[in-house]
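In order, the protein sequences belong to chains B and Z.
Residue 592 in the numbering used here sits at position 136 of the first sequence, with consecutive numbering throughout.
Residue 177 in the numbering used here sits at position 174 of the second sequence, with consecutive numbering throughout.
To be clear, the hints were calculated from the coordinates, so they are not data collected in a lab.
Please note that a few of the clues may not be correct.
[To be verified] Covered stretches of chain B (in silico footprint by chain Z; criterion: 3 or more residues with CB under 8 Å from a CB of chain Z, positions within the stretch not fixed):
1. 581–590
2. 600–608
3. 623–634
4. 670–682
5. 690–704
[As the list claims (entries may be wrong)] If we take Cβ atoms under 8 Å as the criterion, some of the chain Z residues that face chain B in the derived model are:
6. Ile62
7. Thr66
8. Arg87
9. Phe94
10. Asp98
11. Ser103
12. Asn104
13. Val105
14. Asn116
15. Gly118
16. Pro121
17. Arg125
18. Gly160
19. Leu283
[As the list claims (entries may be wrong)] Here chain B is said to cover these stretches of chain Z; the calculated rule only asks that three of the stretch's residues, wherever they fall, bring their Cβ under 8 Å from a Cβ of chain B:
20. 107–113
21. 138–149
Glycine residues also receive a C-beta, built at the ideal position from the N, C-alpha and C atoms.
Residue strings, one per chain:
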Amino acid sequence: MLKDITLGQYFPGNTPVHRLDPRTKLILVVVYIVALFSAGGVVSYAVVLAALAAVVVLSKIKLKVIAKSMKPLLFIIVLTGLLNLFYSQGTPLVSFWIFTITREGVFNAVFMILRISMLITGTFMLTYTTSPIALTDGLEKLLNPLKRIRVPVHELAMMMCIALRFIPTLIEETDKIMNAQKARGADFETGSLMQRAKALIPILVPLFISSFRRADELAVAMECRCYHGGDGRTRLKELVYQTMDYVTLIGGVVFLAGVIALGHFGL
Amino acid sequence: MDNAIQVENLTYDYPGSEESPTIQVFEGLNLEIAEGSFVAVLGHNGCGKSTLAKHFNAILLPTGGSVHVYGLDTQDEKLLLQIRQQVGMVFQNPDNQIVSNVVEEDVAFAPENLGVPPAEIRARVDEALKLVGMYQYRTHAPHLLSGGQKQRIAIAGVIAMRPRCIVLDEPTAMLDPQGRREVLATISRLNHENKITVVLITHHMPEAVLADRVVVMTDGGILADGTPKEVFSQVELLKAAGLTVPETTMLLYQLRRQGYDLPLDALSVEECAQTLRRFLAEA
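The following block holds chain B by itself, in its conformation from the complex (with noise of 0.2 Å):
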């Protein structure tokens, strides 16, 4: 079950977005959800679909991926939907007990799902498209002016790796305790939503001691790499614009003029 996540996973590979430069991937993200909130008509989430479709296309990562990773929200998606279809006043379409559906309300809970259905899987494609390093590294730079006020943005991409290196270890810990304490016959299933917060005790007291074991020893490990914060680092790929980045960045800010203008005019 556990094993299902993809949440921040990478999936190498060599298509022109994998070699986008992470610095232009994530400026695009923040470009495509503005682009996605703007879109209010029928032509608009065609245009923003359409760009998602061509990156997820040029990306070759497999639909199955995205189904797969969508499967943990669908819950929120669903129910997303249901408010919308429910209480959206306007032209009543059927209505049966004390429910009503409306023309609005279908076009608003259709538009809902889209709308989150399209965040999640444009923003996975950051995560899919681009190593952890590569990611860190981007933010790191592009969030680098921050570094005048003294935030302390090496510190901050540093960690930010090092949860995304650990999120498939302590997945496949957490399975194991969980494994060894319903082998001592603990039960996780069963019983009121109290019980079985209460049974996660015996699995998260285990899990953090061993997190902090482990925080400690890689700790001395990087101490023994040599690691003593940012100054003087050097990067294996440095990240340099190419011109594919600029064309990428242009494309975008044509793409966000476009979506926002169709918006305005209710398209």
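Take the given structure of chain B and dock chain Z to it, following the hints.
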């Protein structure tokens, strides 16, 4: 020639608290490790061998006495990076040493910290990965590799610093037999072909046989020091220190106790078989 590591009169106090008083680990320990040698440090759990290893690259600093690494005093904070670059360290759990989700980026971590130019990092990473036989896995995610492979990545991560000495603290303790063989073969190759000084800390006797010198530690002191043959022949001494001897030596030792005049210095199965055959032929 300078020694790779020179430990003189070392004492170390584990800082205590109110309930537990300060614990002194060593009582004036002396040890030299020659450049280019392969030294195995043996000892039961809690005898201080890991504490000693952590002195070799200034993770711990001596309370008394001194540790010199290629002539550099580990107490001198200015030399810290230089010392750590020269003496690489590999630990027991490979999962807790790997910092990145991509093999090659993890191997690049140490040279990045040292400020090596990118083109040179690339060369070092490729070289280190080829040395440990993991080059074809360079774009893989470490958590999908086996334990032995992960440990070899950790070794590559240290090799990329171009150290003159590697200290390995029970690098095979968490590995299956296959992974253990892979790691040991890698270590031996680094010592023989690349002339890297190796200090292997272990409590596995068969691993110590690979070394050209064995140091046996007990309760913060050195109990025996010599070639594997010399050390393992001292069966009573090792047993008193709570250590087991290799099976081959044990067999010869038991036979000797039955009154057969056999030499004890056979470490491999072949050697042992030959010793026995010679003995039978003579008898």
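A quick look at each hint next to the structure:
| no. | hint | in the structure |
| --- | --- | --- |
| 1 | 581–590 | holds (count 3) |
| 2 | 600–608 | violated (count 0) |
| 3 | 623–634 | holds (count 3) |
| 4 | 670–682 | holds (count 10) |
| 5 | 690–704 | holds (count 5) |
| 6 | Ile62 | holds, 6 Å |
| 7 | Thr66 | violated, 19 Å |
| 8 | Arg87 | holds, 5 Å |
| 9 | Phe94 | holds, 6 Å |
| 10 | Asp98 | holds, 5 Å |
| 11 | Ser103 | holds, 5 Å |
| 12 | Asn104 | holds, 5 Å |
| 13 | Val105 | holds, 5 Å |
| 14 | Asn116 | holds, 4 Å |
| 15 | Gly118 | holds, 4 Å |
| 16 | Pro121 | holds, 5 Å |
| 17 | Arg125 | holds, 6 Å |
| 18 | Gly160 | holds, 6 Å |
| 19 | Leu283 | violated, 51 Å |
| 20 | 107–113 | holds (count 5) |
| 21 | 138–149 | holds (count 4) |
Checked against the numbered hints given earlier, this structure breaks hints 2, 7 and 19; the rest are met.
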